[in-house]
Amino acid sequence: MTIAISSLTKRFDQTAVLRGIDLTINDGELVALLGPSGSGKTTLLKIIAGLDWPDAGGLVVNGQDWLPLPAQKRRIGFVFQHYALFPHMTVRDNIAFGLTVRPKSERPSKTAIAAKVDDLLGLLQIPHLADRFPAQLSGGQRQRVALGRALAIEPAVLLLDEPFGALDAAIRRDLRAWLREVHQATGSTTLFVTHDQEEAFELADRVVVMGEGRIEQIGSADQIHDHPASPFVARFMGAVVELPVTLRAGRAEAAGLDARMLERRAMADGPAQLFLRPDAIALDADPASPWILSHKASNGAMIRATLRRADGTEVPVDLLRHSAPDLSLGTAYRLRPLTGAVFPLDGVAQNDAPRPLPILKEKRQ
Amino acid sequence: MQTLAMDPTRNRLMPRLLIGVAALLTLLIVVAPLVYIFARAFGEGWKVYAANLMHPATVHAIWLTSIVALIVVPINVAFGIAAAWAVARFRFPGRSILVTAIEIPFSISPIIAGICYLLLYGRQGILGPWMQANDLQVMFALPGIVLVTMFVTAPFVAREVLPLMQAQGSEQEQAALTLGASGWQMFARVTLPNIRWALLYGAVLCTARAVGEFGGVSVVSGNIRGQTNTLPLHVELLFNDLNATGAFAAASVLTLLALVALVIKAVLEGRRGA
Numbered sequence: 016m017t018i019a020i021s022s023l024t025k026r027f028d029q030t031a032v033l034r035g036i037d038l039t040i041n042d043g044e045l046v047a048l049l050g051p052s053g054s055g056k057t058t059l060l061k062i063i064a065g066l067d068w069p070d071a072g073g074l075v076v077n078g079q080d081w082l083p084l085p086a087q088k089r090r091i092g093f094v095f096q097h098y099a100l101f102p103h104m105t106v107r108d109n110i111a112f113g114l115t116v117r118p119k120s121e122r123p124s125k126t127a128i129a130a131k132v133d134d135l136l137g138l139l140q141i142p143h144l145a146d147r148f149p150a151q152l153s154g155g156q157r158q159r160v161a162l163g164r165a166l167a168i169e170p171a172v173l174l175l176d177e178p179f180g181a182l183d184a185a186i187r188r189d190l191r192a193w194l195r196e197v198h199q200a201t202g203s204t205t206l207f208v209t210h211d212q213e214e215a216f217e218l219a220d221r222v223v224v225m226g227e228g229r230i231e232q233i234g235s236a237d238q239i240h241d242h243p244a245s246p247f248v249a250r251f252m253g254a255v256v257e258l259p260v261t262l263r264a265g266r267a268e269a270a271g272l273d274a275r276m277l278e279r280r281a282m283a284d285g286p287a288q289l290f291l292r293p294d295a296i297a298l299d300a301d302p303a304s305p306w307i308l309s310h311k312a313s314n315g316a317m318i319r320a321t322l323r324r325a326d327g328t329e330v331p332v333d334l335l336r337h338s339a340p341d342l343s344l345g346t347a348y349r350l351r352p353l354t355g356a357v358f359p360l361d362g363v364a365q366n367d368a369p370r371p372l373p374i375l376k377e378k379r380q
Numbered sequence: 007m008q009t010l011a012m013d014p015t016r017n018r019l020m021p022r023l024l025i026g027v028a029a030l031l032t033l034l035i036v037v038a039p040l041v042y043i044f045a046r047a048f049g050e051g052w053k054v055y056a057a058n059l060m061h062p063a064t065v066h067a068i069w070l071t072s073i074v075a076l077i078v079v080p081i082n083v084a085f086g087i088a089a090a091w092a093v094a095r096f097r098f099p100g101r102s103i104l105v106t107a108i109e110i111p112f113s114i115s116p117i118i119a120g121i122c123y124l125l126l127y128g129r130q131g132i133l134g135p136w137m138q139a140n141d142l143q144v145m146f147a148l149p150g151i152v153l154v155t156m157f158v159t160a161p162f163v164a165r166e167v168l169p170l171m172q173a174q175g176s177e178q179e180q181a182a183l184t185l186g187a188s189g190w191q192m193f194a195r196v197t198l199p200n201i202r203w204a205l206l207y208g209a210v211l212c213t214a215r216a217v218g219e220f221g222g223v224s225v226v227s228g229n230i231r232g233q234t235n236t237l238p239l240h241v242e243l244l245f246n247d248l249n250a251t252g253a254f255a256a257a258s259v260l261t262l263l264a265l266v267a268l269v270i271k272a273v274l275e276g277r278r279g280a
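Quick note, the sequences are listed as chains A and B, same order. Counting from 1, position 329 in the first sequence corresponds to residue 344 in my numbering; the numbering is continuous, with no gaps. Counting from 1, position 186 in the second sequence corresponds to residue 192 in my numbering; the numbering is continuous, with no gaps.
Just chain B, same shape as in the assembly:
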């Protein structure tokens, strides 16, 4: 008890101050906007909120965003596993280039990606005339949105799975082979169970990003209401229309999706540690 006076943690001022600052910043930057979104969305009552959500353009935006996510996430999960497997298990020429290439979408602004696709597949683009001749439309249509979203979300799964596969090594897979397992059995019964939580975690991150992607999509979608307007673009459109309540209602859907993703992510992180 006598040593209490010497206890350096007895002086609680500094820790309290720092915790207070952190709490205040979180409140200002995270909590307040979150509350504000729902406050504005429900500001004019449940009925207006429901009416805003049921508006055909908004329903279509939600539907389009879901379709994009449903196409993009499985493709990127497959790509992520394949890339992680190739990098973790094999030595081949160009391996380090592949590792860098996986990371590229993180370092490039999505708008740049969108513009690149525009310059390639757009009407005035390099492939434009040929595609027009063959009646293929990529830009200002679903394929373009899917392509850009795929590019932007490509790294998430690979980045989660790769370090795990590298850390685990290939001995379990070799053991499965010597026990007579086919390549598919080895993957399904040994590799996949080992990476399942990281895979799900990456898929959740990938979904959250695919749903929320704005910059790249805004370049290639053309913002055609009821046709190529994804949910994030729709929020902006409504806002520009001075329909703030409608914008906040649509935003609340995105926010809810993000919160759900966050909860799943937290649960998975706990599982992954186990």
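For reference, chain A alone in the conformation it holds in the complex:
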């Protein structure tokens, strides 16, 4: 199923939740919607499911307009963050629900439904829980049942809202690998919402980064890490170091900065902002640099060094302990970014204030 979303907008009272979403999801793809809370990702998911409606825009699935279609007719599998299992039904009845509510003419026979549920219980690795009630299950088990219930109707599209958000880290990692397997087994177009970068990048073919009701960037983990499309994405990806620089012939320049490892940018000369992640900066001793090592601490694997300038600005740098040079406090070091992103100053300012019109990402640099 190919999902084509165009110029989707949605407001709640005075708040714009979606400010023009354009997104195409290919058949069989596994896509993550990644963003902080309030970025509109869950609303987008609910609109695709038919549980919410946009103010304007289009939603076309396999050439069919889905907006006039009620949720019942869309044949989607929706997995809720808090599972939303039916507490008065056993696991078996929960999973069978979508089949038993079909009109008589389309409903499989009782034995066919039982066989289907048994299949799913096997796929979900929970055949021993078939006759339990949701209250008797752990969070991870409930999530498996919720997914089984959604898969029972052989959904054209599988939508998951923060599927592992309520689980602890170890179970989350297990379920992640397992969801990947389920996706490969069923091949259904899958879209899931998360605020966890690791989850999004590990699981998805493509990651859609959302912020304040807009798509900020679409890409793979490497693309988004190395080439964030906007200051928002750069910050969201952990580029907490922001340095004012001067661009000259596409290269960032500043005192104590050696940006030769960064690609030249096709941008006009002038003031700009450089975004760096602490783990993508190398240090070289340079008496002329204004950056003085003021603090260092080790957690065994990484050394966190803090460099300080006379005006009080601090830059954190994370170095692998075994490959880090000997650092001595009070020494001046030059910052040598390995990767980084440069944005014009006005772009940075613009991004802090809500823009009135949707910004197409192709506009960047």
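Hints are computed from structural coordinates only; laboratory data are not their basis. Computed from a predicted structure; not experimentally measured. For each residue, glycine too, the CB sits at the ideal point set by N, CA and C. Some hints could be false.
The calculated label-pair distances, taken between Cβ atoms and stated as ranges, are [what the hints assert, rightly or not]:
1. S120/A - P149/B: 54 to 60 angstroms
2. F245/B - P102/A: 47 to 53 angstroms
3. L24/B - P102/A: 37 to 43 angstroms
4. V41/B - G180/A: 55 to 61 angstroms
5. D220/A - I110/B: 54 to 60 angstroms
6. D146/A - K271/B: 30 to 36 angstroms
7. G26/B - Q151/A: 41 to 47 angstroms
8. P149/B - Q151/A: 49 to 55 angstroms
9. T24/A - K271/B: 17 to 23 angstroms
10. T32/B - G180/A: 46 to 52 angstroms
11. P199/B - H97/A: 15 to 21 angstroms
12. D189/A - T32/B: 55 to 61 angstroms
Sample of chain B residues lacking proximity to chain A, with all beta carbon distances greater than 12 angstroms (derived) [unchecked claim]:
13. L40
14. T106
15. I132
16. R231
17. G276
Chain B: place on chain A using the hints.
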């Protein structure tokens, strides 16, 4: 063991005193009248009790009260579910007014409600002439009694069901929809099972109140013996007739109904907690 002297609960005087006072008050206010009702009802023997109950006017009062409850409770159950659903699941203009309106019968004296109906549907009322012209009688007849009882008992179901529906949220219902359930299937297989105990509990409270309602009904019924006399009104009538044993016999029926409702309520409360 040495710390026992320091144990503040060792001084049992105060707790015992308070429990004693509570027990005494319960005895005076609840138990004694209850026992008294049955003592007086059976005071002149089983035969007199049976004769009092079998009196045509009393039988009719019991029948009328049952009819009223049988009409009112299902209507209010339906109203309660509909109101709770609307308030819990939708945002619409006038929603907060509806929430307040549901509570109004609790804050208005039933007599006021009765008088309002009288002023509206009575012979001298606003709609009186028109209704007379069309041969419709509401006041001093079954419709009037049903209307007032409905008003008085309207909040019970909604008040029990609404907080539960709000707490449960709509995710289960949304899940049912995405799985292809129709609106009715969603209600019957997901919503209703979730609220069933609260619903039954509200229905029991509603029934108890419908059976026992006196003030509002006394204004609109007209106390026509054998026609519009409900059980509570009949008790008063018998009492005014100086037929104390008859009054207590009729009262014992009401009391029994109340006790049954109480037992069902207690059972349901246990279920609801589970």
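Violating hint indices (sorted, rising): Going through the list in order, the structure violates hints 1 and 9 and respects the others.
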